[in-house]
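Participant: Taken in order, these protein sequences are the chains called W and D. Using our numbering, you'd call the opening residue of the first sequence number 1 and step up by one each time. Using our numbering, you'd call the opening residue of the second sequence number 226 and step up by one each time.
It is worth saying that the hints were derived from the structure and are not from the lab. Just so you know, these numbers come straight off a predicted model, no measurement behind them. Glycine is no exception: its CB is placed at the ideal position from the N, C-alpha and C atoms. Honestly, I wouldn't trust all of these hints.
[Unchecked claim] DEER-style ranges, computed between Cβ atoms:
#, chain 1, residue 1, chain 2, residue 2, range
1, W, N153, D, L256, 55 to 61 Å
2, W, P141, D, P372, 52 to 58 Å
3, D, L232, W, P141, 37 to 43 Å
[What the hints assert, rightly or not] Chain W stretches covered by chain D per the calculated footprint, using a threshold of three residues with CB under 8 Å from any CB of chain D:
#, region
4, 73-81
5, 143-152
6, 172-178
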Amino acid sequence: MGDLLHIPALPPAVFILLIGAATTVAVSVLGNILGLTLGIAVCVMRLSLHRAARIAAAAYISFFRGVPLLVQLLIIYYFLPMIGFDLPPFFAAVIGLGICSAAYQAENLRGGFLIIPRGQAEAARAFGYTAGQARRYILIPQALRAAAPALINEMILILKASSLVSVVGVADLTRESQNIVARDLNPIKWYLIAALIYLVINLVLSRLGVAAERRLNVGYEAATL
Amino acid sequence: MTFDHSLLWQYAPQLLKGFELTVVVWLAGSLLAVVLGFALGCALLSKNGAVSLPVRGYVEFFRATPLLVQLFVAYYGGPSIGITLNAFTVGVFGLGFYGAAYFAEIFRAGFASVPPGQIDAARSFGIPRWARIRHIIVPQMLVLSVPPGVTLLIILLKDTAILSIVTVPELTFQVTGMTIETFAFVEPFAVLAALYWGMTELVAFFGRRAEYRLGRYLQ
Chain W
1 MGDLLHIPAL PPAVFILLIG AATTVAVSVL GNILGLTLGI AVCVMRLSLH
51 RAARIAAAAY ISFFRGVPLL VQLLIIYYFL PMIGFDLPPF FAAVIGLGIC
101 SAAYQAENLR GGFLIIPRGQ AEAARAFGYT AGQARRYILI PQALRAAAPA
151 LINEMILILK ASSLVSVVGV ADLTRESQNI VARDLNPIKW YLIAALIYLV
201 INLVLSRLGV AAERRLNVGY EAATL
Chain D
226 MTFDHSLLWQ YAPQLLKGFE LTVVVWLAGS LLAVVLGFAL GCALLSKNGA
276 VSLPVRGYVE FFRATPLLVQ LFVAYYGGPS IGITLNAFTV GVFGLGFYGA
326 AYFAEIFRAG FASVPPGQID AARSFGIPRW ARIRHIIVPQ MLVLSVPPGV
376 TLLIILLKDT AILSIVTVPE LTFQVTGMTI ETFAFVEPFA VLAALYWGMT
426 ELVAFFGRRA EYRLGRYLQ
């Protein structure tokens with residue numbers, strides 16, 4: 001009888017929150033990687049010589065920057081199973097964050113590309129680089145460096161935006177804090193603790209960002225933008 | 226997948242009500258954000274640390290934590306410290322306090338961009354204080370503040386969707402409700418995405434016009 005009524009001890013709330021925080025970091029990091037990769041592709045299309053590619057990229061950027069992330073996540077959450085993709089919520093969330101972030105990163109990168117003098121691409125071609133090689137070795141590294149502050153800022157925004165994945169069933173920091181509030185009914189305490197954890201992750205991220213910018217600028221101190 | 230128009234007509238009143246509330250909550254929240262943000266931006270520039278440091282703390286806290294968590298603190302946590310607000314009020318104030326932190330930084334940067342030498346020069350020409358502010362500081366500050374300000378207004382417009390999670394019956398809330406009642410997905414979400422897209426493009430259009438007008442004296 002005793003066994004029937006036995007309720008296993010629940011892990012301490014703070015432990016659960018930290019697991020949630022780890023999920024938040026994982027979703028944001030993967031979303032950022034996808035967003036930056038896809039963003040480079042969209043940006044290259046946006047600056048392409050082909051009109052159709054330019055228009056497609058502009059439409060992509062306009063749509064994904066014009067519709068709330070929450071709506072995009074809900075669409076992915078409902079839509080993917082409808083067309084037969086039954087992804088776990090975690091991956092659906094990463095895809096949602098990545099696709100949205102790509103639109104912002106493409107615009108950030110465009111700013112980076114625009115400051116590269118035109119002559120450089122022409123000089124690269126004159127030296128026998130193919131268009132792809134010129135992009136890969138000459139243009140993209142410089143654009144990434146010039147756009148670094150904006151790119152890093154977007155990464156921090158994605159961390160905060162990732163709180164929305166709690167709505168589509170990912171047990172992130174926000175979701176876990178809701179679960180704990182449902183258990184011990186102290187909303188102000190747990191939501192503020194969750195907010196503080198976000199704050200700390202953000203501070204760490206911006207420190208890393210400053211360090212990354214400094215690294216990218218080694219040897220380029222004179223080239224003030 | 227077929228597109229069922231009749232479903233949309235059937236739910237038109239709810240959708241329209243949601244749309245209206247989205248616009249109202251956005252306008253009220255933005256107004257609060259601009260006004261409070263302006264005051265906070267001025268406070269950030271204060272040489273008195275007792276004024277600027279607490280405001281700096283406010284700005285950093287509101288910018289480094291997700292709006293959703295802030296809304297949870299206010300909506301679910303408020304009653305336990307004696308502040309019981311309805312969802313709409315939490316929505317307006319949540320959006321306003323959140324936006325104010327960003328506007329404070331935008332206005333601060335705008336003010337800081339006016340070279341102090343210009344103000345000294347104006348003073349030495351005997352231009353009165355209000356004329357200095359009106360004709361020298363504000364026009365230059367606006368050129369710098371309006372583009373990021375418009376971007377922020379668009380961000381706030383899209384963030385109104387988050388208010389649906391704390392049961393503000395705005396557009397996204399109505400559409401999720403419609404999906405739950407009818408199991409229809411394509412129609413409501415197509416309308417939802419199109420409405421937001423249209424609204425943000427419209428705001429961006431007026432923003433570009435405002436930028437052009439304010440920057441005309443530079444050309």
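Participant: Checking against the hints above, which ones are violated?
Facilitator: 1, 2, 3, 5
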